[in-house]
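Model the full structure from these sequences, guided by the hints.
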Amino acid sequence: MVQAVAPAMIDDATIERSPGYWSTVWRRFRRDPVAMIALGVIVLLILIAILAPYIAPHDPFRGATLRRLRPPGTPGYLLGTDELGRDMLSRLIYGARLSLFMGVTPVFLALFIGSAIGVTAGYVGGIVNTLLMRTIDIIFAFPSVLLAIALSGAMGAGIVNGLISLTIVFIPPIARIAESVTTSVRSLDYVEAARASGAGALSIVRKHVLGNVLGPIFVYAMSLIAVSMILASGLSFLGLGVRPPEPEWGLMLNTLRTALYTQPMLCALPGIMIFITSISFNLLTDGLRSAMDIKA
Amino acid sequence: MNTMSDPILDIRGLTVTFGGGPKPVRALDGVDLALGRGEVIALLGESGSGKSVTLRSILRLHPPKRSRIEGSIKVEGIDVTSLEGRALESFRGKTVSMVFQEPMLAMDPVYTVGQQITEAVRNHEKISAADARARALEMLTLVRIPSPERRLAAYPHEMSGGMRQRAMIALALASKPHILLADEPTTALDATVQVQILLLLRELQRELGLSMIFVTHDISVAVEVADRIAVMYAGRIVETGTVRDVIRTPRHPYTIGLLSTRAHGGRLEGHRLPAIPGSPPDLANLPPGCAFAPRCAIAADACRASVPEPVDLGGGHRVRCFRTAETVNKVAALAPAVTS
Numbered sequence: 001m002v003q004a005v006a007p008a009m010i011d012d013a014t015i016e017r018s019p020g021y022w023s024t025v026w027r028r029f030r031r032d033p034v035a036m037i038a039l040g041v042i043v044l045l046i047l048i049a050i051l052a053p054y055i056a057p058h059d060p061f062r063g064a065t066l067r068r069l070r071p072p073g074t075p076g077y078l079l080g081t082d083e084l085g086r087d088m089l090s091r092l093i094y095g096a097r098l099s100l101f102m103g104v105t106p107v108f109l110a111l112f113i114g115s116a117i118g119v120t121a122g123y124v125g126g127i128v129n130t131l132l133m134r135t136i137d138i139i140f141a142f143p144s145v146l147l148a149i150a151l152s153g154a155m156g157a158g159i160v161n162g163l164i165s166l167t168i169v170f171i172p173p174i175a176r177i178a179e180s181v182t183t184s185v186r187s188l189d190y191v192e193a194a195r196a197s198g199a200g201a202l203s204i205v206r207k208h209v210l211g212n213v214l215g216p217i218f219v220y221a222m223s224l225i226a227v228s229m230i231l232a233s234g235l236s237f238l239g240l241g242v243r244p245p246e247p248e249w250g251l252m253l254n255t256l257r258t259a260l261y262t263q264p265m266l267c268a269l270p271g272i273m274i275f276i277t278s279i280s281f282n283l284l285t286d287g288l289r290s291a292m293d294i295k296a
Numbered sequence: 001m002n003t004m005s006d007p008i009l010d011i012r013g014l015t016v017t018f019g020g021g022p023k024p025v026r027a028l029d030g031v032d033l034a035l036g037r038g039e040v041i042a043l044l045g046e047s048g049s050g051k052s053v054t055l056r057s058i059l060r061l062h063p064p065k066r067s068r069i070e071g072s073i074k075v076e077g078i079d080v081t082s083l084e085g086r087a088l089e090s091f092r093g094k095t096v097s098m099v100f101q102e103p104m105l106a107m108d109p110v111y112t113v114g115q116q117i118t119e120a121v122r123n124h125e126k127i128s129a130a131d132a133r134a135r136a137l138e139m140l141t142l143v144r145i146p147s148p149e150r151r152l153a154a155y156p157h158e159m160s161g162g163m164r165q166r167a168m169i170a171l172a173l174a175s176k177p178h179i180l181l182a183d184e185p186t187t188a189l190d191a192t193v194q195v196q197i198l199l200l201l202r203e204l205q206r207e208l209g210l211s212m213i214f215v216t217h218d219i220s221v222a223v224e225v226a227d228r229i230a231v232m233y234a235g236r237i238v239e240t241g242t243v244r245d246v247i248r249t250p251r252h253p254y255t256i257g258l259l260s261t262r263a264h265g266g267r268l269e270g271h272r273l274p275a276i277p278g279s280p281p282d283l284a285n286l287p288p289g290c291a292f293a294p295r296c297a298i299a300a301d302a303c304r305a306s307v308p309e310p311v312d313l314g315g316g317h318r319v320r321c322f323r324t325a326e327t328v329n330k331v332a333a334l335a336p337a338v339t340s
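So the sequences go chain by chain: A and B.
So the first sequence is residues 1 to 296, counted in the working numbering.
So the second sequence is residues 1 to 340, counted in the working numbering.
Any given hint might turn out to be false.
[Stated by the list, open to error] Straight-line alpha carbon distances no greater than 25 Å define the calculated BS3-like cross-link-like pairs of lysine-lysine that follow: (1) K126(B) with K176(B); (2) K94(B) with K176(B); (3) K176(B) with K74(B); (4) K207(A) with K126(B); (5) K94(B) with K126(B); (6) K74(B) with K94(B); (7) K74(B) with K207(A); (8) K74(B) with K23(B); (9) K23(B) with K207(A).
[Unchecked claim] Some chain A residues near chain B, calculated using beta-carbon distances under 10 Å: (10) D32; (11) G125; (12) L188; (13) Y190; (14) E192; (15) A194; (16) R195; (17) G198; (18) A199; (19) G200; (20) S203; (21) K207; (22) H208; (23) N212; (24) G215.
Keep in mind the hints are simulated off the structure, nothing from the lab.
Every residue gets a Cβ at the ideal spot worked out from N, C-alpha and C, and that includes glycine.
Right, dumping it as structure tokens:
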């Protein structure tokens with residue numbers, strides 16, 4: 001009987017050992033030039049942020065009243081100087097630190113808290129689901145910009161308060177995605193099969209639910225980074241996030257707006273940085289989404 | 001076979017009701033089933049007859065909030081219906097394990113086959129990762145997967161359908177269960193692969209001394225693997241007996257109808273295949289009497305008034321029918337030859 005069974009399987013025996021999931025994703029991602037460029041830009045920005053003290057030509061805090069608002073291209077000041085005579089290039093370089101931090105941190109905090117809420121609601125179901133998700137819906141009902149402004153306005157200006165308010169803004173959308181993906185995974189055969197093989201509820205959630213849910217949630221959260229950066233810049237622009245003299249792109253946009261008519265190019269620089277960063281994160285997300293084959 | 005005196009699995013009066021609303025669905029109604037040690041029973045029936053519900057009840061897989069289970073299920077003397085928490089988790093997979101119909105869906109797509117088998121083993125045994133991996137390799141060898149070392153690192157989607165079902169069987173057997181439940185394990189496969197999987201299951205069952213319940217809607221599959229057949233209709237077992245008894249001398253009109261609908265040699269070209277008139281009943285709205293009565297050619301008033309109790313025809317051949325006197329030798333000529 002064994003002999004009768006064996007011959008049909010020969011074709012499979014010759015197949016080379018297959019690559020893992022992530023190396024397949026990476027292979028597909030690499031073939032997408034737009035996504036690769038976006039990734040390159042983001043890596044570059046991160047490097048700039050990390051290496052800021054080494055590559056910035058001047059101290060970003062030291063100004064000089066005699067050389068205020070020089071245009072880009074001034075000798076010694078490649079991108080000119082701002083309204084207090086501080087070197088623009090150095091401030092943009094240092095600004096990458098706070099701006100990236102303000103963009104990425106709230107999203108990761110929200111990813112953590114939001115998926116915990118969503119997965120719990122989706123897996124437990126019933127009254128727990130109703131309670132959690134309706135609460136989330138109430139927060140979700142506020143327009144995100146208004147909510148961020150209201151929250152940080154109520155808590156007072158400052159980096160930490162800005163981070164907290166942005167995190168609260170991003171929890172609802174992530175929790176909702178996590179809940180819907182979990183609900184669909186929960187009823188799949190392999191979860192039932194895991195239960196049938198004696199796995200406990202915790203290990204099912206940890207391995208089978210999170211393993212299948214984190215990919216889509218992560219990709220969605222990546223797309224929020226761009227939004228978060230813009231919101232954080234917005235808060236700083238309104239004086240609610242980062243406070244002067246810290247270099248942050250949104251804040252620089254605010255303080256430079258007085259010079260809009262005398263040095264328009266100078267005013268546009270922080271905005272250009274925000275634009276480049278957020279569009280890179282968006283394009284990276286698109287590339288990841290198609291490489292991971294997530295239909296959303 | 002003298003296994004019935006001490007069955008490994010004993011189901012008595014199992015009734016499963018889904019949904020507590022105004023119209024609850026009674027998916028199972030008074031199912032009695034005893035599985036002997038080393039015995040294979042085929043549960044035969046059409047969609048919605050309660051085959052899978054029976055299997056899932058044994059593992060307590062039904063959502064407790066939306067289902068009500070009555071009756072008793074005893075496995076090796078332990079009442080499964082009263083198991084909770086840890087005891088239930090260590091019962092699932094270790095004592096009773098299940099092979100699912102669609103291996104593509106029953107295996108987690110983000111883990112390799114090896115990881116999944118390892119996990120199943122470590123749910124029950126405190127052994128090192130290396131030992132669990134060795135067990136996974138041993139299981140893949142057991143189900144005759146070629147180059148098993150390489151297959152450990154394969155994801156479910158990288159395998160062929162038959163290979164996946166083998167891996168599924170390896171997964172189910174990883175914790176060395178005593179009872180294997182197979183929920184239409186060959187339905188999703190190619191005809192040629194079906195035979196291989198059936199042979200494999202039959203072989204493993206003998207080799208490991210497994211007791212097995214095999215759910216199928218395919219009579220020829222039931223004949224191939226089973227010692228006994230239990231025919232289900234609308235949540236009740238209408239006929240049980242040895243394969244020979246049920247196939248050679250079926251006594252329930254539904255079984256007779258099922259057997260006569262089979263297309264086999266001797267049919268004349270151009271003739272229609274016989275079919276059972278009518279359609280399966282609505283489980284939320286069963287007639288007061290025998291559920292098959294509306295489609296039955298020999299139904300009498302008694303059939304429509306009350307549900308028939310099982311009648312023992314000798315040798316463990318039990319039929320739930322009032323009209324067994326009318327069904328003697330009814331289709332002996334139509335029944336296919338049984339060679340075992």
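Identify every previously stated hint that the structure contradicts and give their numbers, smallest first. Hints 7, 8, 9 and 10 not satisfied by this model.
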